[in-house]
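Asker: For the protein sequence lines, the chains are A, B and C, in the order given.
Reminder that position 142 of the first sequence reads as 142 in our numbering, one-by-one numbering, no gaps.
Reminder that position 305 of the second sequence reads as 305 in our numbering, one-by-one numbering, no gaps.
Reminder that position 357 of the third sequence reads as 357 in our numbering, one-by-one numbering, no gaps.
Keep in mind that the hints are not guaranteed to be accurate.
Any copy, or any two copies together, can satisfy a pair, since identical chains are not distinguished.
[As the list claims (entries may be wrong)] For lysine-lysine, the following DSBU-like pairs were computed, each having C-alpha atoms within a straight-line distance of at most 30 Å:
#1 Lys251 <-> Lys198
#2 Lys281 <-> Lys132
#3 Lys336 <-> Lys356
#4 Lys131 <-> Lys22
#5 Lys132 <-> Lys251
Hint data in this document are derived by calculation from the structure and do not stem from the laboratory.
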Amino acid sequence: MNHQPPTTNPDRCFSPDPAQRKLARELHENVKDLPIVSPHGHVDPRLFADPEATWGSPADLLIIPDHYVFRMLYSQGISLESLGVPTRDGSAVETDHRQIWQTFAESFYLFRGTPTGIWLTAELVEVFGVKKKLTGDTAQEIYDQIESKLTTPDFRPRALFDKFNIEVMATTDAATDPLTSHQQILNSDWGIHPSTGKPRIRPTFRPDAVVNLNAAGWRESIDALSAISGIAVDSYCSLIAALENRRAFFKQMGATATDHGALTAYTEELGGEEADAMFAKALRSHATEEDATRFTGHLLIEMARMSIEDGLVMQLHVGSCRNHNRSIFERFGPDKGCDIPVTSEFTRSLQPLLNKYGNDPRLTLVLFTLDETAYSRELAPLAGHYPALRLGPPWWFHDSFNGMRRYFDQAMETAGLCNTAGFNDDTRAFPSIPARHDLWRRASADWIAGLLVRGLIDEDDAQEMVFDCTTRLAREAYRL
Amino acid sequence: MNHQPPTTNPDRCFSPDPAQRKLARELHENVKDLPIVSPHGHVDPRLFADPEATWGSPADLLIIPDHYVFRMLYSQGISLESLGVPTRDGSAVETDHRQIWQTFAESFYLFRGTPTGIWLTAELVEVFGVKKKLTGDTAQEIYDQIESKLTTPDFRPRALFDKFNIEVMATTDAATDPLTSHQQILNSDWGIHPSTGKPRIRPTFRPDAVVNLNAAGWRESIDALSAISGIAVDSYCSLIAALENRRAFFKQMGATATDHGALTAYTEELGGEEADAMFAKALRSHATEEDATRFTGHLLIEMARMSIEDGLVMQLHVGSCRNHNRSIFERFGPDKGCDIPVTSEFTRSLQPLLNKYGNDPRLTLVLFTLDETAYSRELAPLAGHYPALRLGPPWWFHDSFNGMRRYFDQAMETAGLCNTAGFNDDTRAFPSIPARHDLWRRASADWIAGLLVRGLIDEDDAQEMVFDCTTRLAREAYRL
Amino acid sequence: MNHQPPTTNPDRCFSPDPAQRKLARELHENVKDLPIVSPHGHVDPRLFADPEATWGSPADLLIIPDHYVFRMLYSQGISLESLGVPTRDGSAVETDHRQIWQTFAESFYLFRGTPTGIWLTAELVEVFGVKKKLTGDTAQEIYDQIESKLTTPDFRPRALFDKFNIEVMATTDAATDPLTSHQQILNSDWGIHPSTGKPRIRPTFRPDAVVNLNAAGWRESIDALSAISGIAVDSYCSLIAALENRRAFFKQMGATATDHGALTAYTEELGGEEADAMFAKALRSHATEEDATRFTGHLLIEMARMSIEDGLVMQLHVGSCRNHNRSIFERFGPDKGCDIPVTSEFTRSLQPLLNKYGNDPRLTLVLFTLDETAYSRELAPLAGHYPALRLGPPWWFHDSFNGMRRYFDQAMETAGLCNTAGFNDDTRAFPSIPARHDLWRRASADWIAGLLVRGLIDEDDAQEMVFDCTTRLAREAYRL
């Protein structure tokens, strides 16, 4: 019996075959210490605006804000209240963080074989130097150890950012966000990476709240857009003007990309009058579900046009049925592990956008799916043809070792590696970033070693491909 | 050339990689002799009610009732008549069971690499001690060998049940079934398992025939329900009362679960008046297809409520387009290998049921799919969130070595092993039960060995996981 | 670092596991030199009608006509004009074939790990004896080498056909094609294969242009059908008569199969009057989209009837959304790498056809999909039941090493190998034929070796299965 924490295994993820494993290890060796390029994620920029910012308790850091963690505990009957997840109405939840940690540790076995389990173990071992396996018995001792580290300057956000060797990290920010934290970071002596001379932290323009007519609080978001842009958004034309205004501001603040979340990839070009009428209807709170779908589909095409003009890379994430569990949503709000994927269609849905702008090399549109059946059927054929398209990495539920294997298996032969966009960690859990990138680098190295050991590529190819996967493709796709 | 029957290979199914194979063998060794827990299947309980019951001929046992077997022969142009499959109208079919066996043996090569081939070979070798490969040349000799065994007391159903080390086996029974055989078994000195003190054979409540308004013979089934429950089922309310009455009886007879088959997972809560009107319409034979879909969808929600109240575990099997081949259905009836899967949707379909009862830990709802695309897209995310949900094992066409590999690959990282329900053999072919469970145990051991050899779990995890897969999860999910 | 071209690796594609690799190598050894049976493809028969025919330049041979090649280059921003792809209006494109080749060579790295890359490398190495890796630096030297070979008699089409050891190759030909080239080939001293005594090159009857009411140029195709059949096609009845007439001619010219391409697998039997009315409406250019779908669906059933009568094997390819990129289609025409798959449904769509003719052993219907999700869910269950059905090999985007692995994994356990149709190369790139068949033979050998090394089949099974995959199943399915 081996009681060592598993992530101390230097060959983890690699094929057990000795020949493939040796090649994978060599390929990984070449890239494992490269800087992290993180072009899409959800870390809170405030953590880096204040040089004295701290993480709070181990539960604040690793449990309370991470829906990957508490969804699994909840699925086995552990209440979100007992995990300290804050309620919307402020009603009481567990406040003893040692107790929350104990509950988590006693159920840590639920994460066996899951990516969350692998990331968490890597964080404990590699970030916090934990030597024991997390169980109910070791919970408090490990809590002590993490808590004591978190009080030291070496574990403040900026220090970890540097320790993690992150070259650049993008956040995701509402169109109406004043980007105050980004401004503070840029103004600080830490904001610019000394080697690249470029911002360490970049915003990403995410206009869903003003673009999706049926988004919760849409009217308030439009008002906020008017206020921050200084453009009275009272018509379709002024909406476009305000969006262009905000994109220009985001770009000036270091953004290289926009991000769009929609239930489907539906696009449709509306005439100016129709778009105007639909927007006016929405302002009067009369927009139908169908109006919302069509208006969003039209604005996606407009966003592609703007991307061609201002050079911001466009990301599209589709297929998540948000807040599926109504009572959890009502009590705790969004992002509580209740978003469930649905079937997604791209071929017909994106045709209007692609027919208009897909041949334009100035556009880069990165596509993400939660429906893996689209990899081989739609996304790889589309990405392997349209100059404007890149296939994004495995997203969310599929950002796992097997999810990556399926992606390499199903997408690469048809799309070609160069039509993909490298890796995104897409996380709000900052300390998991190194573990996520390392998992991708290991999965990439193992995939490439598999091609090599089967004689399908040669060693020169393999060396270039592993660099492509690690940093080159992400830098290129996101213009970083 | 190796002419030994393949199932004599003690390492069958395991990865060829020596390191993984060694681990898989060790893990399998620990669980291969554990008792069989069979919480869902279709074996006829009459076989165990009469201690003198026998199987008939080798063709009666292995060919004539098994649609897994004759579908493959039929697909290659061998008529069902020539295989002795009885016709609805009693028109003549082959009655020479030696000839049926000969036909089967000459085409046994069709099963190469199929799960049916693997199960049949295992049955021949391990249950009947056959030493030669089944071909046209060896057919009669092997027939003799099986036939002579079948006449001995050691091969009677109860004897095989004990020899197979089955701890508990659930049957599937219509809501209107009087459960006479189950009563006889319980009354016998064999009915209670000596180690567990619990029934060896348990019924499962399957009300499809009375719940699906468009089921063939629905009106007759309703009358039978009235008769057996003593409740005149003439309204929606009396239907509910009769169903509750029957569930109570099934529970008293040892049932721990219900089972529901539907074309889709659609659920919708109807108002009481609407449900009543729909049921009245159906009684007048005026129910439309849409009524049937909505009424079934409503009753699924009602069944979840009853499960919360009476503690019976709820199973839902969806996605089979039954009796696709009309002429075969008309001539031979249902369950003749002509059921073909269709696309299945769960995320939106189950939302009404899950929003009502999915957070209630008293409910266990086990989901089965014939559409594997739902594993990673919908079922694993749902099971990894809702406390009431468990993902059932690979079903029917997917209950194969590769089907299991895809299931482990696609479902486990997101659902987590503990949100699954272990294994079901789901078979009417009693002698295949050990082979099916052994295949699952081997596939599980190989999957877990793969995680271990890649450093993704440790050895303690591996040991617990292989026990989980073998018996613990099934016992827990089915409250056995 | 190994700079040898990868295809010189005699073990390419095989599992790295030494035990499986050894078995795969042995199985492959037994079949690698078997003649090529190519029952479905798109090579131009004119190349073989004239014994002096040549290929033109290396760019004419390998780049300009091959949409697999230029789609990938186009996806990375290389214009089709710069690759010499001819425009519809004759506007200028690159005519310097050395420059086209240089452009291609400089971007050849894009094909790393893709099937096109594997085929091209095999062609360069094994057909043209190229010893260096294709890059910008080696481009002109390799161009010289290929160009000089192409001028020799040994590299003329008929000589390569013989050198490739092709036993029989089917082309795909419009219903209105006079089959002049086929006639010339049959009349020549080369037309009949000396070993088999049968035609080397066979036509395939493809009536899409007259069957799909909304096909571009449908009216002109109907006129051409009238002209060539001598039957005035002015009614549904005369259409049927003309199609039967042409099928008889194709059969007389050596055809053993028909081929049907449709967006979906929808079938529906229309009454004679309805079909007649719909056809009349189409002649008046009034057919709707729905008419076209229903009429095609009806004619597919009629084609099955004709196949039963004349013995031609029926092929059905569905799920490609043709000419997705409108501007490329308008400038360059069809088959320019812009066909993108969509979701395909078979279970319900084919039920009318299968209920009418699926039980008839005189019919062989070979099904192809671009939606791999249908393998395990619909196609394998259908093929494993209906006597008339065979599952065709992985098609188009899935005709790759991993595509084949997924096919073996997902289809074979349920369909059974004997319900599949062996391999099709489906190519218009003649010199890629040996590489494509070899990839299939290697993938088959590796799959079978995997079953063997896991103890799921025995060595006798393995030997027969690898022959089945290589030639027997294709010969049987296509009646060659």
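Asker: Give a verdict on every hint.
Answerer: A quick look at each hint next to the structure:
Taking the shortest alpha-carbon separations for Lys251 and Lys198, only the intra-copy value of 13 Å comes in at or below 30 Å, while the best inter-copy value is 69 Å. In this assembly of identical chains, the alpha carbons of Lys281 and Lys132 never lie at most 30 Å apart, being 60 Å within a copy and 65 Å across copies at closest. In this assembly of identical chains, Lys336 and Lys356 lie within 30 Å of each other by CA distance solely across copies; the values are 18 Å between and 37 Å within a copy. With identical chains, the CA atoms of Lys131 and Lys22 are at most 30 Å apart both within one copy (27 Å) and between copies (28 Å).
Proximity of Lys132 to Lys251 under the C-alpha cut-off of 30 Å is found in neither arrangement, the shortest distances being 46 Å within a copy and 46 Å between copies.
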